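One line per chain: the protein sequences are A and B, in this order. Heads up, the numbering used here is the position in the first sequence plus 488, with the first residue counted as 1. Heads up, the numbering used here is the position in the second sequence plus 488, with the first residue counted as 1.
Errors might be hidden in some of the hints.
Repeated chains share a single entry, so a pair holds when one copy, or any two copies, can fit it.
Said to hold, decoys possible - Think about it this way: if two alpha-carbon atoms lie no more than 20 Å apart in a straight line, the pair counts; the simulated EDC-like pairs of lysine to aspartate or glutamate are: (1) Lys595 - Glu870; (2) Lys803 - Glu881; (3) Lys868 - Glu881; (4) Lys803 - Glu749; (5) Lys868 - Glu913; (6) Lys803 - Glu913.
Note that these hints are calculated values from the structure, not bench results. Note that this is a predicted model, so its numbers are computed, not measured.
2 protein chains.
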Amino acid sequence: MKVVKFGGSSLASGEQFKKVLQIILSDTARKIVVVSAPGKRSQSDKKVTDLLIENAEYFLKYREINEGLLEQVVNRYSSIAEEVGIRTDIVSEIKADIKTKLQKDFKNEERYIDEVKASGEDNNARLLAAYFKEQGKEACYINPFEAGLFVTDQPGNAQVLPESYENLSSLKERSGILVFPGFFGYSKDGQILTFSRSGSDITGSILANAIKAELYENFTDVDAVYSANPFVVKNPKEIRELTYREMRELSYAGFSVLHDEALIPAFRAGIPVNIKNTNNPSAPGTKIVNTRTNTNGPVIGIASAKGFCSIYVSKYLMNRELGFGRKLLHILEDYNLSYEHSPSGIDDISIILREDGFGKEIEEAIISRIFNELEADEVKIERDLALIMVVGEGMRHNVGTTARASKALAGSGVNIEMINQGSSEVSMMFGVKEVDEKRAVISLYEEFFVSIPV
Amino acid sequence: MKVVKFGGSSLASGEQFKKVLQIILSDTARKIVVVSAPGKRSQSDKKVTDLLIENAEYFLKYREINEGLLEQVVNRYSSIAEEVGIRTDIVSEIKADIKTKLQKDFKNEERYIDEVKASGEDNNARLLAAYFKEQGKEACYINPFEAGLFVTDQPGNAQVLPESYENLSSLKERSGILVFPGFFGYSKDGQILTFSRSGSDITGSILANAIKAELYENFTDVDAVYSANPFVVKNPKEIRELTYREMRELSYAGFSVLHDEALIPAFRAGIPVNIKNTNNPSAPGTKIVNTRTNTNGPVIGIASAKGFCSIYVSKYLMNRELGFGRKLLHILEDYNLSYEHSPSGIDDISIILREDGFGKEIEEAIISRIFNELEADEVKIERDLALIMVVGEGMRHNVGTTARASKALAGSGVNIEMINQGSSEVSMMFGVKEVDEKRAVISLYEEFFVSIPV
């Protein structure tokens with residue numbers, strides 16, 4: 489039994505609906521279909537979710553519906569219905585549903601927006617189920633409340649409640665294809681609450697866990713995850729199989745194919761995830777698994793991310809001071825700053841963190857606290873750093889990988905500001921100046937994917 | 489004006505006393521002489537300090553003096569007096585002094601031992617001053633209490649009190665050579681308290697700071713600090729000049745020429761330290777300075793130390809959890825464990841710490857707390873690790889140093905368990921298995937000191 493999730497671009501038009509039907513029909517194990525709201529049909533198009541937010545914000549401001557904005561949303565559904573040739577009374581139902589939600593009496597603006605924007609997925613699921621049925625297939629729309637997908641009362645960032653898994657597990661007893669709207673659940677008292685953005689991935693992952701699916705298929709619009717950013721490296725190699733750990737390390741540094749929080753429920757249940765292309769379903773895609781056989785050398789992918797900075801602190805004999813590092817981290821926490829890494833020398837330590845949230849004012853406050861409370865000898869801030877991740881299972885035990893990587897960087901004139909290696913068994917991290925980022929990625933890609941291994 | 493400190497082996501015999509006199513006379517700037525207790529004359533010899541501790545422990549156990557043990561101490565002084573041909577009544581004074589201290593009424597055993605063992609330095613200073621005077625030089629013994637060297641009331645680990653610097657500064661007004669016993673100071677109420685072991689280096693450093701000496705000369709029994717451990721690398725290069733930071737990083741990983749806490753007072757006053765050989769005083773020795781001109785490539789020394797272990801903790805999405813690292817460090821602190829380094833991946837972190845103090849019982853307690861309190865997915869302990877430090881000023885901004893180092897390690901088949909680079913500007917740290925330690929040091933020495941740079 490498989491859970492199959494389709495992203496917004498996979499359900500953006502009637503043509504896409506037809507592809508989805510073919511995909512579902514081609515494999516009888518595809519039992520639960522998780523549906524996103526219609527996405528962009530072209531670069532200049534708008535996503536239905538964004539249109540719905542505009543509708544909600546207009547109503548909040550003027551206390552009346554903007555009919556033009558509402559029509560834009562309804563048109564998306566009606567053009568799909570027309571294209572696939574199904575009865576158009578469903579479009580009137582969708583319009584009525586959105587109008588009801590827009591005009592609903594509400595106490596809390598965040599919840600109001602959650603309810604309106606979730607209708608994008610909900611109505612698309614209804615439309616897809618109707619289409620399947622008109623094609624003579626046994627299919628039905630599943631309402632998340634009736635199915636028991638209960639979540640915490642956090643608008644825009646709801647977390648699944650543990651009991652939901654038990655509730656949802658009974659879905660596997662139902663006959664036919666089940667079409668389930670992604671992105672939201674319900675509080676116990678029936679209030680709609682959405683997951684964080686890209687939350688349809690989360691819905692799919694929860695369902696895969698609940699029914700103990702053999703596979704969670706995640707259909708999107710790329711053939712595979714690539715071994716490097718295609719905007720930096722020309723025609724990077726596709727990755728066939730990667731582990732959860734590798735996926736996490738890559739997505740940390742800019743690979744954004746899958747919403748990584750979404751993977752937790754599937755990861756906990758050990759369910760493999762297959763990223764596939766709706767527009768090219770015969771391509772094998774990329775499979776995310778617990779363990780894989782290592783066939784391609786030590787490195788599977790090279791990722792990079794900008795926007796980091798470092799706080800360097802030195803103090804003579806710091807090393808002898810019990811609690812120094814912990815106190816330093818506590819100061820950052822007081823400003824709600826999460827640190828990323830902290831390489832250390834004997835009498836110095838650097839804290840690497842993301843630059844957003846670390847403005848000039850906070851910087852000054854933190855520097856003065858480090859001097860005053862920790863009696864540091866020196867504090868220095870370095871901005872505009874990029875982190876380069878070289879990722880691959882088993883890398884740690886591969887003699888010479890570091891040498892190859894650092895030689896490649898040196899060869900292209902990139903200075904290594906920081907190396908963090910030794911905790912993760914699947915990655916090596918280099919800190920470089922942002923201006924060196926692209927050069928660093930290209931040189932590493934050439935070393936590990938193009939040149940003949942030494 | 490210079491402060492000159494002589495170690496135990498430099499004052500172990502009459503022959504050594506004569507060398508010390510020549511050294512002092514050869515430079516009129518050598519004003520304050522800091523004296524250790526007589527050390528070993530040969531490999532099988534005992535240090536006076538150790539003999540004194542035996543005397544004290546015997547007395548504590550049996551409440552009477554062991555005359556044989558006492559004679560062993562007195563003999564050391566009398567044989568020096570004989571050799572250098574000075575009046576022997578001073579030896580009777582020394583014997584009387586030690587007897588008084590051994591039989592003194594005491595309340596606290598630790599303080600008792602402090603007082604007895606400090607007499608080793610104190611009497612050697614008296615003896616050296618007497619010898620200088622008999623040689624017709626203007627010289628006098630300085631009592632630390634009268635000079636105002638006040639310390640905290642911590643037996644065996646006394647810390648200098650700030651006011652001491654002001655008190656001691658007036659020593660520079662005194663005429664002649666001042667002979668000052670190392671290793672101890674006094675509490676305000678006149679109780680003798682010793683610094684930590686090798687504390688004569690501390691006394692010298694405090695005095696250098698107090699009189700704002702132009703140089704602090706530290707005479708010992710080696711010609712210089714070497715660029716690598718001579719027991720590992722054959723005939724390693726001598727280091728002419730190294731910075732305080734370099735010294736600290738090297739001494740952290742096994743270079744033990746100077747007691748590194750001892751350097752703090754000199755370091756704070758920016759006073760250079762010259763390590764020289766009593767037995768070869770014309771050799772330039774090694775100078776420890778604030779800044780040096782970099783002439784010898786990026787690396788100045790390679791050190792290594794055994795006895796480390798790592799605690800590896802992984803948790804899916806750890807990276808998103810504010811305070812995870814801090815809480816982890818707090819658990820270690822509860823067991824009084826100081827951590828050395830903490831390389832981190834995205835969802836994992838390793839804590840490197842020294843193995844002593846981290847027994848099996850504490851290991852189990854910590855593992856269970858990490859699982860319970862931090863809800864980690866996995867916790868692993870790795871023991872028998874060695875840290876290799878590659879040290880040199882300016883290394884950080886030298887493109888390619890990492891590549892050279894990691895290539896050298898790979899070339900000798902050493903797997904790198906951990907790299908910690910990016911905080912210290914003067915070092916690169918590699919974690920390897922203990923069995924690989926020697927091979928690692930040799931290969932790095934060959935890369936940076938023997939082979940022609942790439």
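Going down the list of hints, with the structure as the test:
For a Cα distance limit of 20 Å, the shortest separation of Lys595 from Glu870 qualifies neither inside one copy, at 45 Å, nor across copies, at 55 Å. For the identical chains of this complex, Lys803 and Glu881 are inter-copy neighbours only, at 17 Å across copies versus 37 Å inside a copy, given an alpha-carbon limit of 20 Å. Only between protomers do Lys868 and Glu881 lie at most 20 Å apart by alpha-carbon distance; the minimum there is 17 Å, versus 35 Å within a single protomer. In this homomeric assembly, Lys803 and Glu749 come within 20 Å of each other (Cα to Cα) only across copies, at 13 Å, whereas the closest approach inside a single copy is 38 Å.
In the homo-oligomer, the alpha carbons of Lys868 and Glu913 lie at most 20 Å apart only across protomers (12 Å), although the nearest pairing inside one protomer, at 30 Å, exceeds that limit. For the identical chains of this complex, Lys803 and Glu913 are inter-copy neighbours only, at 13 Å across copies versus 31 Å inside a copy, given an alpha-carbon limit of 20 Å.
Consistency note: the structure conflicts with earlier hint 1 alone.
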